[in-house]
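Note that the protein sequences, when read in sequence, are chains A and B.
Mapped onto the numbering used here, the consecutive letters of the first sequence carry residue numbers 9 to 293.
Mapped onto the numbering used here, the consecutive letters of the second sequence carry residue numbers 580 to 988.
Since the hints were made in silico from the structure, they are not lab data.
Mixed in with the good hints there might be a few duds.
Unchecked claim - Computed cross-link-like contacts, DSSO-like style, restricted to lysine-lysine with a CA-CA straight-line distance of at most 30 Å:
(1) B:852 / A:163
(2) B:945 / A:116
(3) B:809 / B:793
(4) B:793 / B:828
(5) B:581 / B:645
(6) B:877 / B:852
(7) B:799 / A:53
(8) B:945 / B:877
(9) B:724 / B:631
(10) B:793 / A:215
(11) B:872 / B:885
(12) B:793 / B:695
(13) B:751 / B:799
(14) B:927 / B:895
(15) B:645 / B:724
(16) B:860 / A:116
(17) B:877 / B:895
(18) A:53 / B:895
(19) B:705 / A:116
(20) B:945 / A:215
(21) B:852 / A:116
(22) B:926 / B:866
(23) B:608 / B:645
(24) A:53 / B:866
Being a predicted model, the structure only gives us computed values, none of them experimental.
The residues making up each chain are set out below.
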Amino acid sequence: MAGFSREVARRVFAEELKSCNYSFRESEDQSQYAPQYLLTPTGAKCNRVFIVGTLTEKDDIGGDTEYWRGRIVDPTGSILIYAGQYQPEAAQILANMEVPAFVAIVGKPNLYQTEDGNIIISIRAESIQRVNEATRNQWIVDTARRTHERLRALKDAEAVPISGGFSTADKVSAPSTVQDYQRALEHYHTDIEKYRQMVTRALASLKAELMQAGDAEAAAVSAQPDARIEPPAEVKEKAKSEARKPKMKKSGTLAEMAEQDDIRKVDEVRIFGPEDEEDGHDADR
Amino acid sequence: MKELVDQIAARLREQKIEVPEEEITSRLKKLIEDFRVPEGEARRSVLNYFLKEHGVMPLARASSEKVKVSEIAGPGRWVEIEVKVLDLWEPATEAISQTGLIGDGSGSIKFVKWAKSGLPDLEVGKSYLLKRVVTDEFQGRFSVKLNRTSQIEPLEQEVEAKPGSRGVEQLKVAEIDEPGRWVDLRVKVVQLWETNSDAISQSGLIGDETGSIKFVKWAKADLPNIEEGKSYILGNLVTDEFQGRFSVKLNRTSRIEPIEEDVQVGSQTAEFKGALVDIQKGSGLIKRCPTCKRSLAKGVCSEHGKVDGTYDLRIKGVIDDGQRVQDVLINRETTERLVGITLDEAKKMAMEALDHEVVCTLMDGKLVGRYFSVTGPRVDRYILVETINESEAVTIAEVEELMGIVEVD
């Protein structure tokens with residue numbers, strides 16, 4: 009298959025993923041088969057993501073056919089994943105999995121806009137596998153590192169004024185990532201400091217866990233290794249508040265399916281392709 | 580008539596040449612009325628006559644200068660070149676009547692002859708004077724275009740052409756680091772692959788002490804076949820690049836020379852760290868052709884037809900570090916160690932489940948989503964895994980170091 013190359017799985021924390029509201033297809037002809045990308049506030053252009061976290065809930069929300077939804081929690085927040093009849097292996101694994109568990113997800117990010125303008129980001133899982141805590145820790149470091157790299161690139165892009173002229177076809181390949189950062193800045197007016205703090209918080213919580221684990225090990229090896237995972241305060245709060253919430257109905261619109269905290273009202277939703285983008289640039293200047 | 584005369588006079592005045600109008604008129608009249616020459620042609624003929632008369636070279640367009648191929652250094656110039664046709668390629672579109680490589684003593688360059696030009700065809704090995712061709716550039720490489728205003732004049736005397744702009748270099752495989760270079764290689768044929776196009780007569784892998792590289796031999800090259808395991812000097816190959824990986828192409832100007840010496844094939848060891856994000860089709864318990872070791876598809880070898888295959892265990896995986904993806908191939912020994920299952924156990928497992936897929940599922944469960952670091956020779960798009968280790972557990976020191984970096988910024 010000449011010209012085909014697999015899309016990289018980006019590393020993005022849940023908090024950042026949930027802040028996304030900009031997706032586009034990258035193709036001149038806007039064909040429905042062109043790959044779809046989600047651009048995150050720090051400029052990760054995601055067609056695929058890799059997430060490792062704790063599966064805290066799972067439900068079959070399907071009707072006649074099974075349609076599984078799970079919630080994955082990382083140090084910054086949570087994100088919903090889905091697996092249905094078109095992801096049979098992932099659905100099967102999710103169905104048989106105990107909660108809570110450490111899981112690794114490879115999947116496609118999905119942006120869904122409800123009729124009243126809310127945006128829901130979820131992940132359609134290509135694969136779900138149970139992993140151990142060591143893998144989850146590696147993922148946090150990996151994702152912190154990649155996010156930090158993007159924040160650096162954002163700063164560089166901020167320093168350079170956004171180029172007005174659109175590049176020609178043969179120029180696209182090399183500076184395309186620079187374009188991603190400029191696009192992210194334009195669309196989200198990204199607060200770099202906010203995301204830097206998010207990375208620091210994630211690492212600080214991991215460090216605290218590792219130190220705690222070290223102490224525990226010194227005392228005695230815990231019989232229940234999962235028990236020592238302390239979710240961040242924010243997540244605990246949420247778990248409490250969610251416990252009070254009435255159970256979601258089995259059927260319903262996608263909007264209903266998503267929990268309240270997955271829905272954010274956005275003033276203006278712009279889902280557009282490169283063509284509209286050009287107009288957007290002009291308008292901003 | 581008056582109009583034509585004025586035009587000619589004006590053009591001549593540009594060159595600071597004064598010619599009596601009567602002289603222009605009489606020449607024009609003669610051509611048009613006596614010899615039925617079309618007005619345009621007549622005008623050009625008369626103009627050129629007077630220019631020549633006054634020692635000015637008849638330059639039709641802006642200026643078409645005679646240059647050597649190596650002097651072509653910018654697009655949009657009208658030039659005249661004396662060249663030999665080194666190779667002709669299959670045009671990619673109907674808009675092009677011919678395309679290929681031409682060269683002179685100074686180097687070689689791609690040419691494109693537009694279908695609309697209505698020019699006669701060029702022949703490989705013949706020499707021509709190409710007039711009023713226009714230079715072009717794409718991604719830093721130059722070419723010349725033959726259009727309607729261009730002219731082709733066959734030359735009696737052969738133009739001595741050097742095949743490459745930089746000349747042919749005797750290189751090692753590992754030294755190939757850019758496309759469009761002409762090279763000689765001393766190699767052994769490591770592997771021959773099936774070709775999936777009629778335009779390709781052979782393709783596969785060749786290598787020397789420094790590593791191996793993909794090769795393609797065009798059907799049009801009309802060269803003898805090379806054999807797996809034999810060593811050759813391959814002369815005058817062109818390097819090519821696709822998505823960061825290099826290959827060499829054998830074309831009509833290339834040479835194949837068998838040698839007695841057995842070239843040792845070495846490897847460039849690559850290292851890659853990341854998460855294993857996929858185990859692809861063709862992994863797990865597979866059957867191979869007993870003759871050529873190719874993996875079978877539904878019991879059929881693409882080379883030897885339906886055969887009784889022998890079982891093997893392998894993994895075709897994808898490792899992803901968040902910025903790049905790397906395909907990896909893991910052989911039986913390593914797979915057995917990594918997954919903790921022997922070939923016999925895998926066979927038994929598949930037999931009991933009446934399904935080969937269970938082996939793959941087991942592998943998925945044990946490997947996908949975990950971080951690994953692999954080393955091994957890079958062959959085509961794969962790393963042939965020699966060592967694979969699950970990445971070390973995160974340490975407090977590592978986290979602190981990264982926190983330090985993040986906080987400084």
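These are the hints, each one checked on the structure:
Taking the CA atoms of residue 852 (chain B) and residue 163 (chain A), the gap is near 27 Å; set against the 30 Å cutoff, the hint holds. Only pairs whose Cα atoms come within 30 Å are accepted, and residue 945 (chain B) paired with residue 116 (chain A) is accepted, the gap being roughly 22 Å. With a C-alpha separation of about 16 Å, the suggested pairing of residue 809 (chain B) with residue 793 (chain B) holds against the 30 Å cut-off. Annotation: proposed proximity of residue 793 (chain B) to residue 828 (chain B) holds, straight-line Cα distance about 9 Å (limit 30 Å).
Our distance criterion of 30 Å between C-alpha atoms is broken by residue 581 (chain B) and residue 645 (chain B), whose separation comes to about 35 Å. The straight-line distance between the Cα atoms of residue 877 (chain B) and residue 852 (chain B) is roughly 34 Å, outside the 30 Å bound, and the hint therefore fails. Between the alpha carbons of residue 799 (chain B) and residue 53 (chain A) the distance comes to roughly 43 Å, so the proposed pair goes past 30 Å and is violated. A C-alpha spacing of about 26 Å is found between residue 945 (chain B) and residue 877 (chain B), which places the hinted pair at or below 30 Å, so the restraint holds.
Straight-line distance between C-alpha atoms of residue 724 (chain B) and residue 631 (chain B) comes to about 28 Å, which keeps the hinted pair within the 30 Å bound. Restraint check: the Cα-Cα separation between residue 793 (chain B) and residue 215 (chain A) comes to about 47 Å, which exceeds 30 Å; the hinted pair is violated. A hinted pair counts as satisfied when its Cα atoms are at most 30 Å apart, and residue 872 (chain B) with residue 885 (chain B) qualifies at roughly 13 Å. Under the criterion of a C-alpha separation no larger than 30 Å, the hint pairing residue 793 (chain B) with residue 695 (chain B) is inconsistent with the structure, at around 37 Å.
In summary, the hint linking residue 751 (chain B) to residue 799 (chain B) is supported, as the alpha carbons are separated by about 26 Å, within the 30 Å threshold. The suggested pairing of residue 927 (chain B) with residue 895 (chain B) holds, with an alpha-carbon distance near 21 Å, which does not exceed 30 Å. For the given pair, residue 645 (chain B) sits about 15 Å from residue 724 (chain B) by alpha-carbon distance, which is consistent with the 30 Å threshold. The straight-line distance between the Cα atoms of residue 860 (chain B) and residue 116 (chain A) is roughly 20 Å, inside the 30 Å bound, and the hint therefore holds.
For the hint pairing residue 877 (chain B) with residue 895 (chain B), the CA-to-CA distance comes to about 18 Å; that is within 30 Å, so the pair holds. Using a Cα cut-off of 30 Å, the hinted pair residue 53 (chain A) and residue 895 (chain B) holds, with the two alpha carbons roughly 26 Å apart. At roughly 57 Å between alpha-carbon atoms, residue 705 (chain B) and residue 116 (chain A) are farther apart than 30 Å, so this suggested pair is violated. The suggested pairing of residue 945 (chain B) with residue 215 (chain A) holds, with an alpha-carbon distance near 27 Å, which does not exceed 30 Å.
Note on residue 852 (chain B) and residue 116 (chain A): the hinted pairing holds, with a Cα-Cα distance of about 22 Å set against a maximum of 30 Å. Of the supplied pair hints, the one linking residue 926 (chain B) and residue 866 (chain B) holds, its CA atoms being roughly 11 Å apart against a limit of 30 Å. The straight-line distance between the Cα atoms of residue 608 (chain B) and residue 645 (chain B) is roughly 33 Å, outside the 30 Å bound, and the hint therefore fails. At most 30 Å may separate the alpha-carbon atoms for a hinted pair to count; residue 53 (chain A) and residue 866 (chain B) exceed this at roughly 39 Å.
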